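Protein chains in written order, with the numbering used here: chain A, 4 to 358; chain B, 197 to 522.
Honestly, the hints are just simulated from the structure, not real lab data. All figures in this text were calculated on a predicted structure; none of them were measured in a lab. Worth double-checking, as some hints may not be accurate.
What the hints assert, rightly or not - Straight line, CA to CA, 25 angstroms or less: simulated DSS-like cross-link-like pairs of lysine-lysine:
| id | chain 1 | residue 1 | chain 2 | residue 2 |
| --- | --- | --- | --- | --- |
| 1 | B | Lys400 | A | Lys320 |
| 2 | A | Lys149 | A | Lys354 |
| 3 | A | Lys320 | B | Lys402 |
| 4 | A | Lys355 | B | Lys293 |
| 5 | A | Lys190 | A | Lys23 |
Stated by the list, open to error - Chain B is faced by these chain A residues, among others (derived, beta-carbon under 7 angstroms):
| id | residue |
| --- | --- |
| 6 | Thr36 |
| 7 | Lys37 |
| 8 | Glu41 |
| 9 | Phe131 |
| 10 | Tyr322 |
| 11 | Pro325 |
| 12 | Thr342 |
| 13 | Ala346 |
| 14 | Glu349 |
| 15 | Leu350 |
| 16 | Arg353 |
| 17 | Lys354 |
| 18 | Lys355 |
Every residue, glycine too, gets a C-beta built ideally from N, C-alpha and C.
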Amino acid sequence: MKCSLPHMGNYYLAFKSFFKTVEIDYSPAPPITKRTIELGAKYSPEFVCLPFKINLGNLIEALEEGVDLLFQSGSRGACRYGSYLDLQKRILEDIGFKDFRMIRLFDTTDIGESWSQLKSLNPKISFFELLKALRLTFAKINTIDKAEDLIRHTKPYVSKSSEVESLHQNFLQDIDRTDNFRELKRKTEKFKRSLKEARNLNIQPLKIGIVGELYVVMEPNSNLNLERQLGDMGVEVFRPLTLSHMLKDFLFLGLPRRYYLRLARPYLKFDGCAHSNISVAEAMLFAKHKLDGVIHIKPHACMPEVTAMSALCNVSKDYNIPVLFLSFDEHTSSVGLKTRLEAFVELLKRKKKCT
Amino acid sequence: MYLGIDVGSVSTKFALIDENKRLIFSLYIRTEGNPIQAMKRGLKMIREESSFPIRMKGVGTTGSARYLAGLLVEADIIKNEIISHAIGTLNFIPEVKTIIDIGGQDSKLIIIRDGIPIDFSMNTICAAGTGSFLDHQAQRLGVSIEEFGDYALRAKTKVNIAGRCTVFSESDMIHKQQLGFSKEDIIRGLCEAIVRNYLANLGKGKEILSPVVFQGGVASNRGVVEALERQLRTEVIVPEYHKVMGAIGVAILAMETTHKEKEFNFSVIDVDFRTRGFECDGCPNQCEVIEVLREDLVISRSGDRCRRWEVGSLEKTSAFVEIERG
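This is chain B alone, in the form it adopts within the complex:
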């Protein structure tokens, strides 16, 4: 069995697959701003809920906290989310040509030809058109995020909402709301705006061919799915395991790299992991260095530009000793 863990900004995903790349167990929980706690919580749930004995052959991590997660579970492979998503989707839908992924904090577009990812784009500066924004607006309108999509499907008229920027979008929404448009119409307008923004930002210069697969947390939102189909003028496939596709992908990658059998150590749940940040005062760059500690032992440092704080080679330097004392 192989485990894939995808630690994203908003949610943490776990996927267990067997030798035949079949999904046995999956789990989707909220990260709540604390990736370490979220991982421990998830692992605990896997241990408790799985009625079968788990013999893990490999573990892979992905997502924006992949390095931290990889340290925690001593992963066999740490891969970026683009490749993981592509591998995961190709396993279920081998003929896919375009993957659209809208997650909590970022969105991606992956172009696949003949079963190989050949091009990708990621949203750059703006968070408009991601899950967090939808979450925020759902809260503001007093609609739970699960029902959000269904509201859009019930809309009767088309309301145009600016989707370029969350700030404009929000003020536009309030404006339309005050004019008397119904919640349903506004939500549909919002779904349209998000898709428009996505296609304008990420789809620029890219050839979007069908079959198109839509995944990530926002794919649960049927309003956005419909808006995508309308604007792309093609059918959009939402795979069954769309929420955990990245985790499945990295589990498959772990399978491709490791062949040694070992008992997965669930004891990491009880090990004390901490992170500690400090500002290096070696030069005016003032890099923010982040340390990961396992039971008071520093196992990793990152964030320094000059590599002065790399673990291992620099423990001996006087600067380090001084900081430890201070």
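With the rest of the complex left out, here is chain A:
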């Protein structure tokens, strides 16, 4: 039995070591390409969101590679994402794939169920081994996020951003090769140092924060490489939303989330589900930390983020911070995106010069 799961950013590296430690055969889904998105869109309902389409494309391509056990993430109840697993399973069966199983990965509402399913896949596994695997996975997720954060805060300070990118690629390979905590730490330190050396701190770049729906924020293939484009324009990007951030929220029993909900209360009285309130709260924090602008991104027709948008308009007015709204689906043109980003960056530059 060989398993796979949809992509999100570079996190497949962490899942790889998880499945390796619990001794389940895993092969990452083929990387997201135009074909993936086209396949996903072809078999998806018309008005479903982009994450659904890309996930479905990933699952189809994984099945084509001979995988017969699919994991799909998503706890129930956040938004319609919670029902994706069941719908995608039916769609895959309708397409004609047979003899595959689909399991909810890491069901936060029912941890006992997740454990017994894991046990059925590998009866030899002990609880201690699972903890060990989880610890390594979390460490890797953390490292991946830290590296990306470093890249975001290094790029505008160097003359050649392509060099930073190749350093990042090398570091990702290092992460993939290491299964040892000490080694991982050493490599991270080395990576950090090499990036710090390259920086020229005399540059004062524009600072833009990104908020929005988690998948579109975290998967560069779904947002037409928004962060890279901004980095190339010499913008320092702030993006607090990462997988490690979400895991911490889970480990601390949802306390960070409650903090955000309270912060956003002047604009959103109720929980708009998923990340809507967090988007609003983060935008407020960006404004308080004197960032120059905020970009809000969401998949087209994402209900929770549509709720956040109207609140963000008010945040923008009250805190005098410009917000650019971008909506993505599989047809989004990169030319149109570039025009908007250029205009937004130019606008912020002019605004900064005048104050």
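Once you have looked at the hints, place chain B on chain A.
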């Protein structure tokens, strides 16, 4: 003298300004789906029609084909259309607070406070409420686009037409037409619908304060201007050079950046520029790469996500040689 060129989807605009930011000459022609030809045609007309010797100090390009145009004339500055429009309008009406621009394929809303553009929005997915749609409907009703606005002014009754989507809008129009409403009333309903759609889409969450300036090709349409005034409940200013405002703006930007005097080379009119597209087969992404060639020399490539085809650094790679052979 400084030249600004605005190459849009439907029309190509040229503006010549002097040191004092005064407009000396302007030109508005149709792009007809071929930006390179349109630019050459326009430049030729400028050369022939201008009775004075042209000493150009700087050239700027804007509009959706700004990069292509910039390559062609070796522009000193290439700027997006939002900033260009804002700069152009601020030059004529410094106290402006809101700029409404409805062009051929897109529409923009620019918010200006204290002479600085602070916010903007652009229409996203839908083409309803742009010039192309009006053009299409004018043709269908057998009215020339120049008279379209005057028809609306002659309307006697108010006809409600769905403006959310061009498809709904068109079927609604046909329906009303078959019921027996006059052309004038339907055209007025259409103008109202376009403004409603514009304000709902772009004006969402934005504070539209007067003075409001309306520009772009659709601003020539008096029916739409009146509908805007009715729905905003404020006076709407249509500047004299509203069609070429983007070109004026980028000419001013070129003036702000360049100071060297050079003879503008009108010879680009005779240079052979071509574009060539191919699908990269390096990975399943199959990016559609577009090349710009000047007399068989590739001067630019774009469209690739992985930057494999960037001009200069990659001419040597074996993949490139293979494609050249094939």
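Comparing the hints with the structure gives:
| no. | hint | in the structure |
| --- | --- | --- |
| 1 | Lys400(B) / Lys320(A) | holds (13 angstroms) |
| 2 | Lys149(A) / Lys354(A) | violated (31 angstroms) |
| 3 | Lys320(A) / Lys402(B) | holds (9 angstroms) |
| 4 | Lys355(A) / Lys293(B) | holds (19 angstroms) |
| 5 | Lys190(A) / Lys23(A) | holds (21 angstroms) |
| 6 | Thr36 | holds (4 angstroms) |
| 7 | Lys37 | holds (5 angstroms) |
| 8 | Glu41 | violated (10 angstroms) |
| 9 | Phe131 | violated (41 angstroms) |
| 10 | Tyr322 | violated (13 angstroms) |
| 11 | Pro325 | holds (5 angstroms) |
| 12 | Thr342 | holds (5 angstroms) |
| 13 | Ala346 | holds (4 angstroms) |
| 14 | Glu349 | holds (5 angstroms) |
| 15 | Leu350 | holds (5 angstroms) |
| 16 | Arg353 | holds (6 angstroms) |
| 17 | Lys354 | holds (6 angstroms) |
| 18 | Lys355 | violated (10 angstroms) |
This entry does not satisfy hints 2, 8, 9, 10 and 18, going by the numbered hints stated previously.
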